[in-house]
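**Q** In case you want the letters, here they are:
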Amino acid sequence: MESLTSPVKAAHPDGAVYGTVLDAEVALRFSTLDAEYEAIRERAALLDLSGERIIELSGGGATDFAQKVLARDVEYLTAERCMTSLVLAEDGTVVDQVVVWGREDGLLLESSTGAGTRLLEHLRAHAEPGVEITDRTAEHALFGLEGPYAWGVVGRLIDGELAALPFESVVDSQWDGVDILFARTGVTGEYGYKVLVPRESAERLWTKALEQAVPAGQEAVELAMLEVRQPVVRHEAGEGVDVLEMGAGWLVDITKDEFVGRDAVVAAFEGTAERRTVGFSGGTEVPEPGTPVTVGGEKIGEVVHAVHSVGLKSALGLLRLPPDLAAAGLKVTVGDTEVTTLTSPYVTPKSWSTPII
Amino acid sequence: MALRPVVITGVGVICAVGRDPEEFWARLTTGGGGITAVDDERFAAFEARFAGQVPDEWIDAQLPAEDTGLDRTARLALVAARQAVAQAGLGTAADLPAERFGLVLGKCQATPTAAGGYQPMHATGDVVAGKLGLAGPRILVSTACAAGGNAVGLAKDKILTGDADVVLAGGVDPLLFGTYAGFAGLQALSPRPCGPYSRSDGLNLGEGAAFLVVEALDHALARGAEPLAEVAGYGLSADAYHATAPDPTGRGGATAMRRALADAGLDADAVDYVNGHGTGTPANDAMEKKVMRAVFGERAPQVPTSSIKSFIGHTLGAAGAVEAVASVLALRTATAPPTIGFTEEAIAQSTLDFVPNTARALDMDVVVSNNYAFGGNNASLVLRRPGGPREYDELPATEVVLTGLGPVTGLGTGIAEVAEAVANGRTAVGAEPSLEGRTFAPRSLWRHMNNLSRMAIAASRLAWEDAGLKLPRAALDNVGVIFATAAGSVESTDGFDESVLANPNKPAVLSFSNVVLNATGGAVCQTLGLRGPTTTICNGNASASIALDCAVETIRAGKADVVIVVAADEASRPGDGAQVNPYDRDSGEASASASVALVVESAAHAAARGATPYARVLGSAHAGAGAGDERSLVQRAIAALPTEGVDLVVGAATGGATDEAEAGAVLDAVPSARLTATAGLTGDAGAATGALNLALAALALRDGVAPAIAGLSSPRAGAVESYVTKPELPSAPAKALVLSAAPGSVRGGTLLGAV
Numbered sequence: 011m012e013s014l015t016s017p018v019k020a021a022h023p024d025g026a027v028y029g030t031v032l033d034a035e036v037a038l039r040f041s042t043l044d045a046e047y048e049a050i051r052e053r054a055a056l057l058d059l060s061g062e063r064i065i066e067l068s069g070g071g072a073t074d075f076a077q078k079v080l081a082r083d084v085e086y087l088t089a090e091r092c093m094t095s096l097v098l099a100e101d102g103t104v105v106d107q108v109v110v111w112g113r114e115d116g117l118l119l120e121s122s123t124g125a126g127t128r129l130l131e132h133l134r135a136h137a138e139p140g141v142e143i144t145d146r147t148a149e150h151a152l153f154g155l156e157g158p159y160a161w162g163v164v165g166r167l168i169d170g171e172l173a174a175l176p177f178e179s180v181v182d183s184q185w186d187g188v189d190i191l192f193a194r195t196g197v198t199g200e201y202g203y204k205v206l207v208p209r210e211s212a213e214r215l216w217t218k219a220l221e222q223a224v225p226a227g228q229e230a231v232e233l234a235m236l237e238v239r240q241p242v243v244r245h246e247a248g249e250g251v252d253v254l255e256m257g258a259g260w261l262v263d264i265t266k267d268e269f270v271g272r273d274a275v276v277a278a279f280e281g282t283a284e285r286r287t288v289g290f291s292g293g294t295e296v297p298e299p300g301t302p303v304t305v306g307g308e309k310i311g312e313v314v315h316a317v318h319s320v321g322l323k324s325a326l327g328l329l330r331l332p333p334d335l336a337a338a339g340l341k342v343t344v345g346d347t348e349v350t351t352l353t354s355p356y357v358t359p360k361s362w363s364t365p366i367i
Numbered sequence: 033m034a035l036r037p038v039v040i041t042g043v044g045v046i047c048a049v050g051r052d053p054e055e056f057w058a059r060l061t062t063g064g065g066g067i068t069a070v071d072d073e074r075f076a077a078f079e080a081r082f083a084g085q086v087p088d089e090w091i092d093a094q095l096p097a098e099d100t101g102l103d104r105t106a107r108l109a110l111v112a113a114r115q116a117v118a119q120a121g122l123g124t125a126a127d128l129p130a131e132r133f134g135l136v137l138g139k140c141q142a143t144p145t146a147a148g149g150y151q152p153m154h155a156t157g158d159v160v161a162g163k164l165g166l167a168g169p170r171i172l173v174s175t176a177c178a179a180g181g182n183a184v185g186l187a188k189d190k191i192l193t194g195d196a197d198v199v200l201a202g203g204v205d206p207l208l209f210g211t212y213a214g215f216a217g218l219q220a221l222s223p224r225p226c227g228p229y230s231r232s233d234g235l236n237l238g239e240g241a242a243f244l245v246v247e248a249l250d251h252a253l254a255r256g257a258e259p260l261a262e263v264a265g266y267g268l269s270a271d272a273y274h275a276t277a278p279d280p281t282g283r284g285g286a287t288a289m290r291r292a293l294a295d296a297g298l299d300a301d302a303v304d305y306v307n308g309h310g311t312g313t314p315a316n317d318a319m320e321k322k323v324m325r326a327v328f329g330e331r332a333p334q335v336p337t338s339s340i341k342s343f344i345g346h347t348l349g350a351a352g353a354v355e356a357v358a359s360v361l362a363l364r365t366a367t368a369p370p371t372i373g374f375t376e377e378a379i380a381q382s383t384l385d386f387v388p389n390t391a392r393a394l395d396m397d398v399v400v401s402n403n404y405a406f407g408g409n410n411a412s413l414v415l416r417r418p419g420g421p422r423e424y425d426e427l428p429a430t431e432v433v434l435t436g437l438g439p440v441t442g443l444g445t446g447i448a449e450v451a452e453a454v455a456n457g458r459t460a461v462g463a464e465p466s467l468e469g470r471t472f473a474p475r476s477l478w479r480h481m482n483n484l485s486r487m488a489i490a491a492s493r494l495a496w497e498d499a500g501l502k503l504p505r506a507a508l509d510n511v512g513v514i515f516a517t518a519a520g521s522v523e524s525t526d527g528f529d530e531s532v533l534a535n536p537n538k539p540a541v542l543s544f545s546n547v548v549l550n551a552t553g554g555a556v557c558q559t560l561g562l563r564g565p566t567t568t569i570c571n572g573n574a575s576a577s578i579a580l581d582c583a584v585e586t587i588r589a590g591k592a593d594v595v596i597v598v599a600a601d602e603a604s605r606p607g608d609g610a611q612v613n614p615y616d617r618d619s620g621e622a623s624a625s626a627s628v629a630l631v632v633e634s635a636a637h638a639a640a641r642g643a644t645p646y647a648r649v650l651g652s653a654h655a656g657a658g659a660g661d662e663r664s665l666v667q668r669a670i671a672a673l674p675t676e677g678v679d680l681v682v683g684a685a686t687g688g689a690t691d692e693a694e695a696g697a698v699l700d701a702v703p704s705a706r707l708t709a710t711a712g713l714t715g716d717a718g719a720a721t722g723a724l725n726l727a728l729a730a731l732a733l734r735d736g737v738a739p740a741i742a743g744l745s746s747p748r749a750g751a752v753e754s755y756v757t758k759p760e761l762p763s764a765p766a767k768a769l770v771l772s773a774a775p776g777s778v779r780g781g782t783l784l785g786a787v
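Protein chains in written order, with the numbering used here: chain R, 11 to 367; chain D, 33 to 787.
Nothing false has been slipped in among the hints.
Computed list of chain R residues with no C-beta within reach of chain D, every gap over 12 Å: (1) GLU12; (2) SER13; (3) LYS19; (4) ASP24; (5) SER41; (6) LEU43; (7) GLU142; (8) TRP185; (9) LYS218; (10) PHE279; (11) GLU284; (12) GLY300; (13) GLY321; (14) ASP334; (15) VAL357.
Facing chain R, from chain D, some residues (calculated, C-beta under 8 Å): (16) PRO474; (17) ARG505; (18) GLY561.
Just so you know, the hints here were simulated from the structure itself, not pulled from any lab data.
The structure presented is a predicted model; accordingly, all values stated were derived computationally and were not measured.
Idealized CB from N, CA, C, for every residue including glycine.
With these hints in hand, go ahead and build the complete structure from the sequences.
**A** See the structure below:
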């Protein structure tokens, strides 16, 4: 399967820096991390989500199939709602984290960045009669808006009535005479929206949106996600790590009778976890994944993933520690640096105190 | 299509700023607010202590001595009701036959008797009707804070159907400690007199009552009454969003207003003044501004909008009626009452025209009064200056059918299980319905739901599936939901009351949101994503048949093609294994939990999608208790219906002494029919029993199998041969009469025909 590139790449600002994330080439930065982060946390940022595959499940068996492959319950997901769910392998490891968009006939699955090919292969491997699995990525472009004033951009760009939609609402709407699919979502703790637009109108919408919002690349978005403990699967799902150890228990629903990976998740819920994930900050050096975590010289765990947080002006990341130590407010040593474990969110989003007016 | 013009000919009101309409209007237009610190020492428990209270002497000075022992709710209601009837010139029985005079009362709360302890929701209406001699249709509507406005709309429907010549419509609610604790627990109260549209830092509760006399314009003119305002239209909608918070987009509120304007045949440009809901909570006020912008667009800042709650607080079930009275007076006096509580700074920052602080002379023709409620129920009322007599069209005689049945009873879940039980004569008196084996709602919602909502959602979904309905999203926005319940959630009411008793500052807020009677109807709308017209009816075991009337009227008025009627109640006492044989002298009585939903659909809509209905709805009639006895009440309900050809009667009997009145009246009026009732199968499940009677009568018309009273040996009236004692009927009936009863209050009959 071809690697994904943005259909609006030609309209990206000059000087954008690209990188490969799994099967996708994405803009890591359009300008500077600081400027893009500031747009997410203080104003409104525009995201090009072309690295995410859009996969349609349709046919009479679509809902049953979705119930089987998704770890959360989508039986009554209507055409005006979306939700986030994990997709698991039989052994309970994470295949991907997807946004599920309810549709009148079937559903759309939005992969995480670059993980679409793996997701599609997994879905096809579990395919059943009565369900059609169609990759719709090439027909659309997906853009996001995130920021405490993203609602204002929605108002100016599309329709003010859409700005105050409840979280995880989906609306079939129009932009400039074109049918679009609009959702209130959000991954950074700020007001968040997504627009799925037909490919032929994508550049026009992107260009218009650029007049209202600052484009932010993958690095700024993933940093802002980490700051509110929104999982980025490819950084967090390590070898043999189950969803509880990942801290992603909220993205599965074991009260559902059956789904791929359920037995493993139930076993994890019933078993004694050896590790838990907890946030930390401290120091200016960003430790590599796998860097040992020690207390009094004794190794107690390791770094999962870390970045430099613009908001905290220090390193910020996740540690995997024994359950009784995976608590906030502890001093531990990462490499040579003393850090403090944290309770999430690690940064308080401005949107929490910014009303939509 | 211009329907018969309906007008208001009398108004009455008592609330914190006035004991009658004159004083009320004088204070609203020239005086100060009426919100004061609560006198009652118990309220010292709360940080916020302000409310719009009515002094006792205002009430008692207007009541005859024999009324002063009544409970406060009834006394408030009687004061306002008598004022309205007097202004309309309907003081004596000679002015109007009692059977032609109906009552629609809006109430939000279950209120206590004079001695304490809850009384049935419809009790206040019964007192008012009894004292004023109203024996026409009688409806208790309980769409929480939208009930008062909703009542005026339903009254208009009763005039259009010809079920009554005059309807007294209104709302009442007293200030109750528990409700106060609930709102305090939701952090919804302002610690000072509220500031709707300005500070928006919370609401004040209030109390009061208001009534409006509603009748046809030609009827009013013929008897020499002066029309005060025309009820041009009304609109209802469901947010389908949340139990207590309004849909922040304002979509539900905008839809209600648009529906009301469409009903009135007007567009938004015609609106001169809006009497807003304006509670003063941040969520409401922000949402309402969006409603104004959505409906009026760029003209929004030029449409004066004010909230009289800034004067009197939020009077809950009375609010819509009090505000309808204010709207009538605004039209009559060409004056917009202000929203008080604005500072100069707030005025400067205002993006819309909230008529700050000072009343304004405003020549107006069209006024809209809006109310939004817990449960996501919205009601808008369009009032206008009365026009002269004119030609009109009758309400269309749209054929209406029942296409889906969804019983959730101890007897079975879903119509297949229940039909099998009926055919085999199985009974399960007092048994709890089972909801095991499948989910009926997203788990995230289901796990927070009380038992009543779970049953009602299961019933609604089963009925929906039974009807084979598959509608696109846009069509779901017009599917109506009429909820029927005698008592609402016993589980939540008890849970909430216990929490308040234990500590008024730590009320069980989740239970509180479910204490309002319409909460379950709202949960059905939310879960099934239905946003059509919605309301909640609380007339005991007669609730379901009245709800079916509302559904039929909604369809006939062209406001929906599909309406779900869903009835639910919980056992009021634990089952004691009693044998229930309705109409038998030796029968026991047993209470049960159940929910039953019916899909009500226009025959044309059903035919277009190839559905096969169970039955046609041929007609219905309801009569309120009057001077006569219980038997004469049944007789009056039946007499209003064309009963020739009826071969099956499914009665409202529950095994008690009032069964005799019903059986006697039925055997007299329809001697050729055979009589049965479903309470022998399940026990008395309140409103759900009323709906089960309708459902199983519809099933009998299609399948020729009816609920049997196998144990009937000594009937209270007639011979055993007059009853259905075996499920298999000799031949499939062509017509069935289904009776409903809130004994001593209202009784009704619904005529169903085979397809």
